[in-house]
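J.: The chain contents come next:
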Amino acid sequence: MGLKRVFRVFRYKPGWSRPRYETYTLDLPEWATVLEALMRIRRDHAPDLTLRHSCLHGSCGTCGMRINGREALACLVKVQDLPERITVEPLYNLGVVSDLVVDMPAFYEKFEPVGRPLIRRSEYLPQAVPPEGIPHFTRLESCIECGLCVSACPVAATDEAYLGPAALAAAWRVVEEPRDARVWQALALADSPHGCWRCHLALECSEVCPTGVKPGHAIAALRAYLLTSQAVRTASPMGEAS
Amino acid sequence: MAKPANFHVVIVGGGATGAALAHDLALRGLRVTLVERGEVTSGTTGRHHGLLHSGGRYAVKDPESARECIEENFILRKIAPGSFELNDGLFVAITEEDEAYLPRFLEGCEACGIPTQVLSREEALRLEPNLNPQVRVAVRVPDGTMDAMRLPLRFLATAKKNGAVVRPYTEVLEVLKRNGTVYGVRVRDHVTGREEDIHADVVVNAAGPWSGKIAAMVGVDVPIRPSPGVLVAVEGRWTNMVINRLHPAGDGDIIVPQRGLSIIGTTSWVVDDPDALDLPEDHVRLMFEKGGEMVPVVGKAPLWAAWSAARPLVGPRQAETGRELSRTFKCFDHADEGVEGFVTITGGKATTARGMAEVTADVVCRKLGLDVPSRTREVVLLPHTAYYRL
Ligand SMILES: Cc1cc2nc3c(=O)[nH]c(=O)nc-3n(C[C@H](O)[C@H](O)[C@H](O)COP(=O)(O)OP(=O)(O)OC[C@H]3O[C@@H](n4cnc5c(N)ncnc54)[C@H](O)[C@@H]3O)c2cc1C
Ligand code: SF4
Ligand code: SF4
Ligand code: FES
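Chain order of the listed sequences is R and C.
Note that the numbering used here gives residue 214 to position 214 of the first sequence, counting from 1, and the numbers run on in steps of one.
Note that the numbering used here gives residue 111 to position 111 of the second sequence, counting from 1, and the numbers run on in steps of one.
Treat the hints loosely; a few may be bogus.
What the hints assert, rightly or not - Below, a list of computed lysine-lysine pairs in the BS3-like style, where the Cα atoms sit at most 27 Å apart: (1) K161(C) - K78(C); (2) K300(C) - K78(C); (3) K161(C) - K110(R); (4) K300(C) - K78(R); (5) K213(C) - K330(C); (6) K110(R) - K4(R).
To be verified - Listed next, the stretches of chain R that the computed footprint assigns to chain C, with coverage defined by at least 3 CB atoms under 8 Å from CB atoms of chain C: (7) 76 to 86; (8) 164 to 178.
What the hints assert, rightly or not - The following residues of chain C were derived to be distant from chain R, with all beta-carbon distances above 10 Å: (9) K3; (10) K78; (11) D88; (12) L102; (13) S120; (14) A148; (15) K161; (16) K177; (17) I198; (18) R237; (19) G250; (20) E281; (21) E340.
Source of the hints: derived by calculation from the structure; they are not laboratory data.
Heads up, the beta-carbon is just placed ideally off N, CA and C, and yes, glycines get one too.
Please construct the entire structure, taking both the sequences and the accompanying hints into account.
T.: Right, dumping it as structure tokens:
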């Protein structure tokens with residue numbers, strides 16, 4: 001044991017008039033992440049603390065939160081790299097359900113209709129020859145649906161209907177690599193009044209994205225695509241990009 | 001004749017096993033409530049390598065597990081299309097000793113029905129240029145990569161669609177028992193803060209490495225030992241196929257590519273409390289060293305994350321390390337011990353969760369006098385995104 005840290009944790013339950021912060025002092029091993037600290041707080045001090053976690057290595061996207069004011073995956077932030085006082089709060093712009101848990105149905109309400117498949121072509125090791133019977137190597141999409149970008153987005157903060165960076169980045173992935181998805185539908189969503197034209201392109205989303213999706217850049221690409229492709233502006237099935 | 005909808009089953013634990021069981025029972029028409037103390041898949045399930053096992057790893061020492069893996073691997077490809085990186089896997093021989101293991105390995109795979117293709121050094125390097133250039137021979141098997149959380153979400157989404165109630169942040173405090181019969185659970189909902197009793201005709205303990213704790217609430221013995229292993233993710237995707245060492249299963253002999261990362265695993269020791277897992281530094285170092293023997297760049301890649309996960313291993317309590325115990329699952333109907341209405345399902349793999357669920361649901365139905373078959377081999381699962389939309 002070597003790391004002594006004071007955690008100020010956002011607490012809120014349905015029915016409370018306002019959230020409060022509770023303070024926990026922990027002695028942690030060198031390797032501890034903020035997520036490990038929170039799991040210990042739940043185990044030893046506050047069994048009713050609700051938080052989301054699953055993979056512990058930045059692959060599932062459940063442990064997104066604000067750590068000292070900045071969006072991050074708690075499982076990837078080492079306590080060692082933080083100052084002595086650490087404030088942990090839920091993500092913005094999705095609505096708080098309980099403590100650090102935000103309303104993921106609100107996230108998927110926008111994300112799911114885009115229809116982006118989970119599996120994509122692998123761009124890694126292009127020189128490798130796939131084995132017989134496998135036309136090309138594939139991989140899971142980079143976006144882990146963590147909501148960090150939505151939390152950091154100033155437009156999502158003021159326009160509840162804004163499709164938001166994650167869904168728009170997913171729409172761009174559909175355009176880039178359609179697979180069996182409906183390109184015209186993704187483009188229609190992107191082109192809607194609450195779609196990509198609302199974005200300020202200041203790229204807060206790209207900065208916080210933990211997996212290099214760069215949603216802001218994807219939005220810029222979507223806009224350029226929509227501007228140059230007249231056929232799909234009408235968003236009809238006939239306008240399906242080739 | 002009793003109707004499935006007359007019965008209510010409570011499942012304790014929202015990992016891969018509980019998720020697949022909720023799906024199986026809901027599909028048979030029973031009423032199902034699944035309770036999970038945290039977010040679903042927050043136990044062992046979310047933390048595993050993400051390896052869709054071909055069974056190759058167990059083909060020599062544990063053919064029973066190997067057969068289960070290959071059978072379920074092929075079923076999952078059918079019922080969960082679009083969930084896997086289906087790039088196959090290689091077992092690579094680096095040393096002469098590894099190469100000497102080849103005949104036994106091939107024999108084992110053949111006996112278990114695992115398709116194999118033997119590749120020369122040159123062929124292997126063409127598929128995976130980052131392999132150790134000293135590779136002597138490689139065997140291709142139908143391994144794959146899954147998203148450890150999103151596959152079980154598909155089971156849960158489909159279960160919900162069929163009427164199951166899934167309650168995360170709901171912790172079992174007590175199992176309710178009267179005259180030797182379990183009739184429900186007392187839970188605390190950590191969102192509302194309320195305690196309540198949920199009545200059930202059967203309670204199924206699917207709490208993974210915590211299942212010993214749940215069984216203790218009932219006063220029955222479940223011989224599981226929490227056996228953690230260390231996993232390491234390094235930055236960069238250095239292979240597209242799963243890489244395994246061609247030798248008897250040991251430490252650090254699996255590299256699973258996933259998204260833009262490579263996951264190296266694992267080790268094995270034994271603990272008492274699955275809520276207090278250490279992360280021994282020497283195990284982390286060993287992952288780099290062993291991983292680097294198969295794929296040298298992996299051994300030098302920057303660390304992305306390191307963590308531990310506990311296996312729910314079934315076996316005698318006196319075993320010293322976890323590795324000799326069978327990987328195969330066990331389903332206990334505690335009626336044997338004089339307790340009615342309580343079933344435990346534990347052990348196994350995330351890959352075999354559907355098969356485990358089928359066997360367990362058969363036991364549950366038999367107990368209730370129901371004769372409805374499982375349909376989970378055929379029914380295609382909803383996408384993971386549906387979980388949060390239903
Ligand atoms: C290091 C390691 C690597 C592995 N790699 C692979 C792999 O690559 N591929 C593969 O197929 N398998 C792998 N496995 C095996 C696989 O992870 C497990 O077999 C599987 O995840 C077990 O799932 P489960 O649902 O039985 O348990 P769990 O996922 O642990 O689920 C049990 C749940 O019960 C909950 N719970 C506990 N107590 C309570 C309570 N009182 N009230 C309510 N809920 C409670 C827990 O929170 C937990 O979510 C690996 C295992 C380990 C340890
Ligand atoms: S670039 Fe657009 S989507 Fe990204 S944070 Fe800024 S306004 Fe939001
Ligand atoms: S785009 Fe990046 S930040 Fe946004 S949800 Fe996906 S992974 Fe998270
Ligand atoms: S727990 Fe999966 S991203 Fe942090």
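J.: Checking against the hints above, which ones are violated?
T.: Per hint list: 2, 6, 7, 8, 11, 14, 18 and 20 violated.
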